[in-house]
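Asks: Read off the chains here:
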Amino acid sequence: MSSFAIFTDTGCDIALDVLAKWDVHCACLSFKFTDEDVVYLNNEMPTKEFYAAMREGRQAKTSAVNSETFRMMFEEELKAGKDLLYLGLSSGISSTYQAGRIAAEQLRADYPDRKILTVDPLSASAGLGMWVAIAVEMREAGKSIEEVAQYIEDNRLAMCHWFTVDDLVYLKRGGRISPAVAFVGGMLGIKPVMHVDNDGHLANVTKVRGRRAAIRAMAERYAALAKDKENGTIFISQADCLGDAETLVADIQALTGRKKGADHITDVGTVIGSHSGPGTLALFFLGSER
Amino acid sequence: MLSNIDETTAFAIPPEKKEDRYLDGELLSRMARGGAAELRTNAEEVNHLNVFPVPDGDTGDNMCMTIESGVAALDKLDESASLQETAAVLSRGMLLGARGNSGVILSQFIAGMAKGLANCEKANARIVGRALTEGVQQAYASVMTPTEGTILTVAREAVEYANAHLSEDSSVNSYFSDLVAEMYRSLQRTPQILDVLREAGVVDSGGAGLFYIIDGFNRALNGEEIEAAALPQAGHAAATVDLTAFGPDSEMTYGYCTEFLLQLQTAKVPDIEHFDMQEIIPYLESLGDSLVAFKTDSIVKVHVHTKTPEKVLAHCRRFGEFLTVKIENMSVQHSEQTVKNEPAEEPGRFAAAVPVVQKKYAVVAVCNGEGMESLFREFGADAIVNGGQTQNPSTNDFLEAFETVSAEHIFVFPNNGNILMAARQAAELYEKATVHVIESRDVGAGYVALSAADFTLDSVEEILDSIAAAMAGVTTGFVSPSIRDAELNGVTIHTGDYIGFVGKEMIASCKDRAETARQLLSHMLAGGRYMLTVFCGKDADSEEAELLQGELEKKHPNLEVYFVDGGQEIYPYIFAVE
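So the protein lines, in turn, are chains A and B. For the first sequence, our numbering assigns the number 1 to the initial residue and increments by one for each residue that follows. For the second sequence, our numbering assigns the number 1 to the initial residue and increments by one for each residue that follows.
No wet-lab data here; the hints were simulated from the structure. Note that the coordinates shown come from a computational prediction; the quantities given were computed from them, not determined experimentally. Hints may be right or wrong, so weigh each one.
Unchecked claim - DEER-style ranges, computed between Cβ atoms:
#1 B:GLY503 / A:LYS48: 28 to 34 Å
#2 B:SER459 / A:GLU220: 56 to 62 Å
#3 A:GLU153 / B:GLU431: 53 to 59 Å
To be verified - Partial chain B-side listing against chain A, Cβ under 10 Å, derived:
#4 LEU375
#5 GLU378
#6 ASP454
#7 ALA472
#8 GLY473
#9 THR475
#10 ASN558
#11 LEU559
#12 VAL564
What the hints assert, rightly or not - Some residues of chain B that are not near chain A, with every Cβ distance over 10 Å (derived):
#13 GLU79
#14 LEU429
#15 ALA470
#16 ILE493
#17 LEU552
For every residue, glycine included, the Cβ atom is placed at its ideal position computed from N, Cα and C.
Please work from the sequences and hints to get the whole structure.
Replies: Below you can see the structure in the form of C-alpha cells.
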C-alpha cells in the first residue's frame, strides 16, 4: 500500500503497464489525425501502427488533458484518503500541467486535510518518465510526499534531454520550433541535435551531417555532461528506431567505458510522437547542466 | 565620388580666404544662408539616405525647410543687427518652421547655440565653441530617448572635437574647419553604431543634413558665395504622391506623421510661462513614437508618429489652439519616396561613400552546373563563381564575386586544388572584408564543409574549426570518361572507357559506367562509412542512378545515401563519402 498517490500524464512515455506496476496513475492526452474525426486517447493505438500512419503522410494533432479530467482522477484518490503528487509534462511544451495545477488548487479547498502537490519538472518524454521512476523509488524508500516533491523541484534542471529527429517538419508543423530552425534541419542530410532548455522548451539546435553523426553527438553530450558516467541512470525513448537506440548505447559505452546498458528503453508515445515524428531518438540522464 | 578624395583636401580652406575675423551678426546671417543653400542643393540625396526611424524619405526636405524658415526670418532683420539678435531671430524662425525629427533637432541645436550667444555683440572661437556645446545639450534634451548614430552623435562628436582642438591661435575659421572635418568623419561612423544604417548601407540622413548645413556655414565663413540648386518645381511632390499606396484594404502600418504648433492660451493654461511639458509628453509617448516636443515662449511644437493623431490633437487642445497642423499618412509618404527614388540616376555623395555592409558572414563558392549551384546556394552560398576542373576562375572573378556580397567576413570555397591559388590571391588583394579561403580541394569536400558550417556562431575561429572538422572526414571520388588512351598501373585504358579515381589515384576502370561506379564505391565505402552523397552530373542517366541507389541500400543497410542532381560537366558521378 503506497503512502501517497503519484500522478503523471502520457507525456512521460512510460508504458501504461509499467506505470501500473509502479502504482502510478496516468492522465491520457488525446490525439487525432487531421484527416478523420476520431479522437484517440493516446494509449488506444499501438505506436507501430501510429508511426506507420505518420510515415504514410498522415498528420496527427494532440490535445492537452483538461482540468475537469484531472479533478475527477484526483478526487477518487482523495476520497480514498490519499495525499497526491502530480508530475506533469513540461509547461513549456503543453498546457496539461497547467490544467493539473488548476484542478489541484480547486481541490485543496474541498479537501483541506489532504496534501495535493504538483511539480513541473520542465521535462518531457522519458525525462519526465525518469522523474516518475525516481519518485516511485523515493516513495518506496519511505520518503514523505514533501521530500519527494522538494527533491524533484530542486533538481529538475539536472535532467538532461538530448534528442534528434529524422525530419524537423513534424516539430515545425506542431509549432514547437521556429521556421528558421526547421529550415536548417530541412536541408538534405542535415540532422538536428536538440535539447530541452531550462525553461522546458525545445531548443539549441546543432546541425550535423547524417543520422549517424547525430547519434554520436548525443553520446558526446552524455560524456560531457553526465554526473555519473559509469553507473548513472540512462533512459532512452525512441520512435520506431530501436536499432538506433542500441547504437546510442554502444556509442556511450565506447566513449565513457560504461559497462551498463540503458536502464530503460521505451517507445516515444503518440503524444510526443505527434510532434516529433517517427525516427525520434531521445536520451535522458542526470547531468551537471542541461 | 567623394570616397576617393582625401578628406583633408576636401575641406581645405580656399586660397583666397578672407582675413580671419570674429563672428558677428552679419557673418552669422551669411553663414546661415550658405548652410541653407548647401543643404538645398543636396536635399534630395539626404532624402535618399533616410531609413531611420521609418523610411519616410523626407529628412532632406524637412531640414531644408527648417533652416530656410530661419533664413526667411533673417530677411526681415536689419543688416547691422548684433550677433545675439541675429542668432535669436534665426533660432526662432527655425523653431517655428521645424519639420520632421531631424528638423526639430536641428532647430534645437541652433536654439541652444543662440542661447549661448546671448549678450554677445560678436564672438571668438572659444565663445562659439561654448555656444555650440549648449546647442548639443539642447538638441539631446529635446529628444525623449536620444539614439546614438544619428544627427545627435554627429553634432556632439564634431563639437567635442573642435573644442578639444581650441588653442590660443584658434580663429572662428579654424574652429569651423575642425568642426566640419570631424562632422564628416563622425557621419561616416554612424553605420557602425546603428544597425539599421549598416543594413541599408547608408549614413544617417539627419547627420548628413547637418553636415551639409555646417559645410555651407564654413564655406560662407571663408567668403564663398553659395548658390542653391534650382528648387524643385512647385507641385512636384504633390504630383508624385501615390495615393493608391493606401487603398480600401491597406493596413495602417506606419501611422501618421503628425506635427503642429500649439499656441498655449491663457484661458486654458493660466500660467503659460511655467507650463509643464509633462502635461503633454508622457501621454503622447503612450500614443506613438519618434516624439519630439518642446515649448518656446508660449508656443508648443510637437512632432510624433502615431496611429491615433485624433487623440494627440484632442489632448493638446486642452492647453491651447493650433497655429498649424500637418498630418500625413506615412504609408503614402513612404511610397512617394519609393517613387521618387527610382531610378536613382547618380549615386549620392554619401550613398557611395559607405559600402553596403549587410551581414557579418558571406559565402562565395566555386562550382559548375545548375544543380550544384542551387545545392551550394541552399546551404548558404551568397555568390557562385562558375568554375571547375577545366575552367579555373581568375583572381579577378573572385574579386568581382566579393563585390557582389557584402559582409565583414567572406568564406571562399574554391572546391578544386587548381583554384585555391587564385582564391588566396584574391583574398589578399581584397580590402573591404576579411576573406577566409577554405581549403576545399574538391566539390565533395566543399559541399560537406559548407553544409556543416554553423554561421550562427559569433567566433570566426569556431566556424573555421567546424568547417575543418567536417571536411577532414570526407573522401571524394569521381567517375569520368577517359579522353585519351592511356596506360595506368599496368592497365590499358581506351578513349571512352570510364575511370574512377580518388584524388590522383585511379581506383577503377571499365568500359561500363555503372560498373566503374560500383567498383569505385566499393573501394570508398570499405571501413565504417555512414553517409554517401552522390552528385549526378549532366550526363548521368536517371535509370542507372536508381539502379545504383537500390543496390547500395541493399548492400549497405546502415548507410545513409543521398542522390542529388548536380548537373556538373565532365563527371557523370561524384561521390562524397563520410
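Asks: For each hint, tell me whether it holds in the structure or not.
Replies: Here is what the structure says about each hint:
Restraint check, GLY503 of chain B to LYS48 of chain A: a C-beta distance of roughly 46 Å breaks the suggested window 28 to 34 Å. Checked against the hint of 56 to 62 Å, the pair SER459 of chain B and GLU220 of chain A fails, with Cβ atoms roughly 20 Å apart. One distance hint, 53 to 59 Å for the beta-carbon pair GLU153 of chain A and GLU431 of chain B, holds here, with the actual separation near 58 Å. Contact between LEU375 of chain B and chain A, as hinted, is supported at the beta carbon level, the nearest pair being about 8 Å apart and thus within 10 Å.
For GLU378 of chain B, the interface hint holds, the least distance from its beta-carbon to any beta-carbon of chain A being 6 Å, beneath 10 Å. At its closest, the beta carbon of ASP454 of chain B sits 7 Å from a beta carbon of chain A; the interface hint therefore holds under the 10 Å criterion. With a cut of 10 Å, the hint placing ALA472 of chain B at the interface with chain A is violated, because the nearest CB-to-CB distance is about 12 Å. Given hint, GLY473 of chain B at the interface with chain A, holds; its Cβ is 9 Å from that chain's nearest Cβ, closer than 10 Å.
Using the Cβ-Cβ criterion of 10 Å, the hint placing THR475 of chain B at the interface with chain A is not satisfied: the shortest such distance is roughly 14 Å. With 10 Å as the threshold, the beta carbon of ASN558 of chain B comes within range of chain A, its nearest partner Cβ sitting at about 8 Å, so the hint holds. Satisfaction of the interface hint for LEU559 of chain B is found here, the shortest Cβ-Cβ separation to chain A being roughly 9 Å, below the 10 Å cut-off. With its C-beta approaching chain A no nearer than about 6 Å, VAL564 of chain B sits inside the 10 Å limit, and its interface hint holds.
Separation of GLU79 of chain B from chain A is adequate, the least Cβ-Cβ distance of about 65 Å exceeding the 10 Å criterion. With 10 Å as the threshold on Cβ separation, the claim that LEU429 of chain B sits away from chain A holds: the shortest Cβ distance comes to roughly 33 Å. The beta carbon of ALA470 of chain B sits about 7 Å from the closest Cβ of chain A, which is not more than 10 Å, so the claim that it is off the interface is violated. Distance check for ILE493 of chain B against chain A: the nearest CB is about 33 Å away, which clears 10 Å, and the non-interface claim stands.
Taking the minimum C-beta to C-beta distance to chain A, about 15 Å, the non-interface status of LEU552 of chain B holds against the 10 Å cut.
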